[in-house]
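**Q** Here's the letter readout for the chains.
There are 2 protein chains.
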Amino acid sequence: MIGAVTLNLALDVTYDVDELVVGGSHRVTVVRQRAGGKGVNVARVAATLGHQVLALGFVGGLTGELVAEELFDAGLTALLTPIAAETRRTVTVVAASNGDATVFNEAGPLVSPDEWRAFNDRLPWARMSVLACSGSLPPGVPADAYAELAARAREHGVPAVIDAGGAALVAAAKAGAVVRANASELRDALGPDVTIDAGTRQLVGLGATAAVITDGANGMTAAGPAGAWRARPVERVAGNPTGAGDACTAVVAAALADGVEVDWPEILRAAVAASSAAVLTPVAGDLDLAAYRRWLPSIAVEPL
Amino acid sequence: MIGAVTLNLALDVTYDVDELVVGGSHRVTVVRQRAGGKGVNVARVAATLGHQVLALGFVGGLTGELVAEELFDAGLTALLTPIAAETRRTVTVVAASNGDATVFNEAGPLVSPDEWRAFNDRLPWARMSVLACSGSLPPGVPADAYAELAARAREHGVPAVIDAGGAALVAAAKAGAVVRANASELRDALGPDVTIDAGTRQLVGLGATAAVITDGANGMTAAGPAGAWRARPVERVAGNPTGAGDACTAVVAAALADGVEVDWPEILRAAVAASSAAVLTPVAGDLDLAAYRRWLPSIAVEPL
Numbered sequence: 001m002i003g004a005v006t007l008n009l010a011l012d013v014t015y016d017v018d019e020l021v022v023g024g025s026h027r028v029t030v031v032r033q034r035a036g037g038k039g040v041n042v043a044r045v046a047a048t049l050g051h052q053v054l055a056l057g058f059v060g061g062l063t064g065e066l067v068a069e070e071l072f073d074a075g076l077t078a079l080l081t082p083i084a085a086e087t088r089r090t091v092t093v094v095a096a097s098n099g100d101a102t103v104f105n106e107a108g109p110l111v112s113p114d115e116w117r118a119f120n121d122r123l124p125w126a127r128m129s130v131l132a133c134s135g136s137l138p139p140g141v142p143a144d145a146y147a148e149l150a151a152r153a154r155e156h157g158v159p160a161v162i163d164a165g166g167a168a169l170v171a172a173a174k175a176g177a178v179v180r181a182n183a184s185e186l187r188d189a190l191g192p193d194v195t196i197d198a199g200t201r202q203l204v205g206l207g208a209t210a211a212v213i214t215d216g217a218n219g220m221t222a223a224g225p226a227g228a229w230r231a232r233p234v235e236r237v238a239g240n241p242t243g244a245g246d247a248c249t250a251v252v253a254a255a256l257a258d259g260v261e262v263d264w265p266e267i268l269r270a271a272v273a274a275s276s277a278a279v280l281t282p283v284a285g286d287l288d289l290a291a292y293r294r295w296l297p298s299i300a301v302e303p304l
Numbered sequence: 305m306i307g308a309v310t311l312n313l314a315l316d317v318t319y320d321v322d323e324l325v326v327g328g329s330h331r332v333t334v335v336r337q338r339a340g341g342k343g344v345n346v347a348r349v350a351a352t353l354g355h356q357v358l359a360l361g362f363v364g365g366l367t368g369e370l371v372a373e374e375l376f377d378a379g380l381t382a383l384l385t386p387i388a389a390e391t392r393r394t395v396t397v398v399a400a401s402n403g404d405a406t407v408f409n410e411a412g413p414l415v416s417p418d419e420w421r422a423f424n425d426r427l428p429w430a431r432m433s434v435l436a437c438s439g440s441l442p443p444g445v446p447a448d449a450y451a452e453l454a455a456r457a458r459e460h461g462v463p464a465v466i467d468a469g470g471a472a473l474v475a476a477a478k479a480g481a482v483v484r485a486n487a488s489e490l491r492d493a494l495g496p497d498v499t500i501d502a503g504t505r506q507l508v509g510l511g512a513t514a515a516v517i518t519d520g521a522n523g524m525t526a527a528g529p530a531g532a533w534r535a536r537p538v539e540r541v542a543g544n545p546t547g548a549g550d551a552c553t554a555v556v557a558a559a560l561a562d563g564v565e566v567d568w569p570e571i572l573r574a575a576v577a578a579s580s581a582a583v584l585t586p587v588a589g590d591l592d593l594a595a596y597r598r599w600l601p602s603i604a605v606e607p608l
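Chains as they are written, first to last, in the working numbering: chain A, 1 to 304; chain B, 305 to 608.
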């Protein structure tokens, strides 16, 4: 079972309007809402690809109840730690006139030291074959939370996949995790002049079991102890790039969960196909399964 | 006790952002939320002026729970009819850069015929000294709901104040209510060329017990069987005009609730002072009580 951690769970609310006018008053034509956060996207994609997932995170207040309800309705098993503060919302306003999405992100709820401890205490290590952690940290959670989780995963013999940027990416690499980041997060971590290929290898040099760096339409680079590879999408895909990186994380986590020998070229192939198939769908966390299956055999992977 | 009806109750959410950029991603710096809808503004202003109020409306789902909680926290007694559908939200984004408020209004929840009947059946006529109805109608509530409520109020010997525009304004007047509208709603009801003074009298001619038409910074006109009057604010006030009309409705309802002989020049004086004092506060439903008391003695009322 893939443990998919979203420390900063959200209720993602989407408002469709005809046109967005600053200072205007708008009739919302359609309201959609569902559980959100990068770890939830990972859980959704992994479930779509046929894997068993366990969504992990904090929920508080009535908004937290809505998040828990929606995860249940989506068929995702969840183990949620209650907190006193209210779960955050995000509101995305989509204008029919031009498709523009304007996003408003509430700050995350304050997590107390006791709540953080409770979250850690209930992690079902024996049931998890991999731990995937993605997204921002809410206030109150220690800044080195991901490195701490990666270290505990290692103690339990569970592989950890950490999607993080900047200092958290370096710390997760040093803790021996499989790390996943995008090109901009890599540069935030290792400096503005680092190339993707060199940076990916550098993360392994720091201690990462493996590193996967996504670079949008240019594809992805992976490095592990046995080498480094690059893969590119079969075709350029227009759509919603939000959630494409999470699809990659889901594929990597799923491959590690399978427990068979890790074949990075094969994983990269699947990760590129899944990321492209995620771009095709309008909502982050969704995946066009037919496109994924169609692209999978054709993706070229080259060793570096 | 003033029964303040809000058939289309809402949870009003306000997001402060630094600057609103269409297509951008925004960090929400402050989230505020409270019960909203024009009848709630009426209830808040009446309570601020020292009157007993009973907030009446529909609540559904978790958003409805938040509305009920906030009314309770605000010290407003409420008698709320549960509905199956979820109470609507409004989201107002306020940009610190220029103070612009951009509003997103969700559609109201569907109210079933049984729920509408339940609302009517539980109206506590014996406890209400006046019934004030304000704001839009949610889907499912009959289009002539306000006229129906005014007719039932008359049967129970309870004066009704109806804040409505267009056809609903004419229907409420014909049903013998005290009607309140703004200049634009008056023109929607009686034609684009009607003057405020003539239109106000015309509503009484149609059957209204009295009519009060608000005209922003120009003040208000009232007409009743004994005459017509006009009153103007003491000074021009800069601020948030949303809720100024509701402050007028609150004053009119409070005066009728007092049950003593109705003195329209006196009511107009208080209504103008309260409307101006409402503009001073940034949030609809609030009122600057010190400003109200300061202005009250100085407002000139002239007979027409």
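Hints listed in this document are in silico derivations from the structure and should not be mistaken for laboratory results. No experiment lies behind these values; they were computed from the predicted model shown. For each residue, glycine too, the CB sits at the ideal point set by N, CA and C. Be careful, since some hints might not be right.
To be verified - Taking beta-carbon pairs under 10 Å as the criterion, some of the chain B residues facing chain A (in silico): (1) T394; (2) V397; (3) A399; (4) D404.
**Q** Are the hints correct? Go through all of them and say.
**A** Cross-check of the supplied hints:
Satisfaction of the interface hint for B:T394 is found here, the shortest Cβ-Cβ separation to chain A being roughly 9 Å, below the 10 Å cut-off. Contact between B:V397 and chain A, as hinted, is supported at the beta carbon level, the nearest pair being about 7 Å apart and thus within 10 Å. A distance limit of 10 Å between C-beta atoms decides the matter here; for B:A399 the minimum to chain A is near 8 Å, and the interface restraint holds. Residue-level restraint check for B:D404 holds (minimum Cβ-Cβ distance to chain A is 4 Å; threshold 10 Å).
Violated hints are absent here; each numbered hint is respected by the structure.
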